[in-house]
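**Student:** Same order as they appear, the protein sequences are chains A and B.
Count the first sequence with my numbering and you get residues 1 to 260, in order.
Count the second sequence with my numbering and you get residues 1001 to 1323, in order.
One thing to keep in mind: the hints can contain errors.
Calculated cross-link-like contacts (lysine to any residue; reagent style SDA-like; alpha-carbon spacing at most 20 Å) [stated by the list, open to error]:
1) Lys1222/B / Leu122/A
2) Lys1134/B / Phe35/A
3) Lys1134/B / Gly31/A
4) Lys1222/B / Gly31/A
5) Lys1222/B / Asp203/A
6) Lys1315/B / Leu216/A
7) Lys45/A / Leu1307/B
8) Lys1222/B / Tyr32/A
9) Lys1134/B / Asp203/A
10) Lys1222/B / Gly30/A
11) Lys1134/B / Gln1098/B
12) Lys1134/B / Leu122/A
13) Lys45/A / Ser1309/B
It is worth saying that the hints were derived from the structure and are not from the lab.
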Amino acid sequence: MRRRYTSRIGLALLSFAAFLALWQGVVWLGGYPPFILPSPGAVLKRLGDLLADGSLWFHARVTLREVLAGLGLGTLVATLLGYGLAHSPLAERLLAPYVVASQSVPVVAVAPLLVIWFGTGLLSKVVVCALIVFFPILVNTVVGMRSVERDLRDLMRALEASRWQTIWLLEVPAALPVLLGGLKVGATLAVVGAVVGEFVASDRGLGYLLKQGQQLYDTPLVFVGIGALVVLAQSLYGAMALAERVLLRWRTESFSGVAR
Amino acid sequence: MKRGFVLFVIPLLVGLVGCYCPVRPAPEPTHVRLPMGFVANVQFAPWYVAVERGYFAAEGIELEFDYSWETDGVRLVGAGETPFAIASGDQVLLARAQGLPVVTIVNWFRRFPVAVVALEESGIQGPQDLAGRKVGIPETFGASYIGWRALAAVVGLEENDVSLEVIGYTQLANLTEGRVDAAVVYANNEPVQLAQAGYDTVLVSVADYATLVSNGLITNEKTLRERPELVRAFVRAFLRGLADTLDDPDGAFEVCRKYVEGLDENETVQRAVLETTILYWQGEPLGWSDPAAWQETEEVVLEAGLLSSPVEAEKAFTNDCLP
Chain A
1 MRRRYTSRIG LALLSFAAFL ALWQGVVWLG GYPPFILPSP GAVLKRLGDL
51 LADGSLWFHA RVTLREVLAG LGLGTLVATL LGYGLAHSPL AERLLAPYVV
101 ASQSVPVVAV APLLVIWFGT GLLSKVVVCA LIVFFPILVN TVVGMRSVER
151 DLRDLMRALE ASRWQTIWLL EVPAALPVLL GGLKVGATLA VVGAVVGEFV
201 ASDRGLGYLL KQGQQLYDTP LVFVGIGALV VLAQSLYGAM ALAERVLLRW
251 RTESFSGVAR
Chain B
1001 MKRGFVLFVI PLLVGLVGCY CPVRPAPEPT HVRLPMGFVA NVQFAPWYVA
1051 VERGYFAAEG IELEFDYSWE TDGVRLVGAG ETPFAIASGD QVLLARAQGL
1101 PVVTIVNWFR RFPVAVVALE ESGIQGPQDL AGRKVGIPET FGASYIGWRA
1151 LAAVVGLEEN DVSLEVIGYT QLANLTEGRV DAAVVYANNE PVQLAQAGYD
1201 TVLVSVADYA TLVSNGLITN EKTLRERPEL VRAFVRAFLR GLADTLDDPD
1251 GAFEVCRKYV EGLDENETVQ RAVLETTILY WQGEPLGWSD PAAWQETEEV
1301 VLEAGLLSSP VEAEKAFTND CLP
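Bound conformation, chain A alone (with noise of 0.2 Å):
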């Protein structure tokens, strides 16, 4: 078990060598100025003074606090919501149009509008990434509210269960596993609406570093600022792949119980 997790991350460091060294190949065979595409070693030199002065762990955090906001918040509204549509065949036919036409604006239109109702402070990238994470929740609860057996509700029923008991023990757990793949996807695009909501107004956060890169010119501080922002996105799925695997152990482990 240990020696494949060696093998594994040896794969993952080899692979990455080989990208610098593909990376800096096309840097010397096109000759092109650090403007265009800045080096490995220069990218590497500006991330170090970054980490060093402390300013790319303080945009880091501040983007992280906006993530974590407007994750939390979306995943309230677009959870609640979808709990009454997968239950209320009229709430459905009411709202589904409206809901899926949401889905169709785009946030970076709609963005400085929201930095206008909201102001210039945290609010408003909380709502901008809210509004990104709440659909791909939304369609995710319903699947899995609907994915909850007939006979499993009858059960319930018949052990005359009340509402709440229905909820916690029957339908959370079996809509678990879509709900966190919705959550999966939806902690991946609330960094991209931090981002939008720091390109419109901030003075913080790495939406902002990288309009600080772009705006000076400085390539390098783009790269390192996209490399920060991957970083944080894949952390965050990781952590949900990490909740998943701890939460849904129970479905591994009775299966298993199954097999044997």
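Since the structure of chain A is provided, determine the placement of chain B on it from the hints.
**Tutor:** Frame of chain A, contents of chain B only:
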């Protein structure tokens, strides 16, 4: 008989030779895609006038407008992908600091158009009154920030004297909703819109306190070196359009109708925007760069921390391409 033969055959031969000799075709016009740095707007009137009146065509240039971002235009020119773009002086200095060989060849805006605007009811009457107030600014870089830093330095406002808030390009809403006491704007745009909407405003123009370089036409060092005739032709055509616009703003506004969406519905405001903007272009000779303004711009950019070391401002511009 012989004479008749000669009279018949020679014109025939001349005619035939004439038919076979290739007629020299008119030279193909040089196609130039010009990154404008902003959306189609009456502020680009001199360009529209120059195209519509055939000044570019007369120089053998076919001009296409590209309404992309200013920084993208600077990058394209720096990389040699396109020969010209419109960009402000501070952008040229910042780009040169990163190795982009861009040079300003026409100093289009002779007065720096950034200003601080406040509603009259705020009690702000001059830059000193900004102390202790909340001032909205679009970004912490770019021309607005450079203008703000220059103004603050001249009037002695320290960083902690003012609560500076980044509000993006939502100055009008934030100002009229009372979320900020004043906002950094383009003097030829937002104040005009506020006035047209019936607000009484106080305007503090950066140009009254500092001489900075604003929007101009840029090229790259390679084009300047290898295609000087194209550069001069391009500059000549643009300056003719600029001169025409200054002489006849009404005529220029009519030309803009073809290029700017929604001009008819918003005519009063847009006409006022053009009339105000024209004041920022005036100055003889047209397009001339003031070396002192470049030095001052470099000092402000350095002081603002956007440049870490000097970039030889004298290499960032040339007046040699002006007619």
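**Student:** Could you run down the list of hints and mark each one as holding or not?
**Tutor:** Each hint tested on the structure:
no.	hint	verdict
1	Lys1222/B / Leu122/A	violated (46 Å)
2	Lys1134/B / Phe35/A	violated (36 Å)
3	Lys1134/B / Gly31/A	violated (48 Å)
4	Lys1222/B / Gly31/A	holds (17 Å)
5	Lys1222/B / Asp203/A	violated (36 Å)
6	Lys1315/B / Leu216/A	holds (18 Å)
7	Lys45/A / Leu1307/B	holds (18 Å)
8	Lys1222/B / Tyr32/A	holds (16 Å)
9	Lys1134/B / Asp203/A	holds (15 Å)
10	Lys1222/B / Gly30/A	holds (19 Å)
11	Lys1134/B / Gln1098/B	violated (33 Å)
12	Lys1134/B / Leu122/A	holds (18 Å)
13	Lys45/A / Ser1309/B	holds (18 Å)
This entry does not satisfy hints 1, 2, 3, 5 and 11, going by the numbered hints stated previously.
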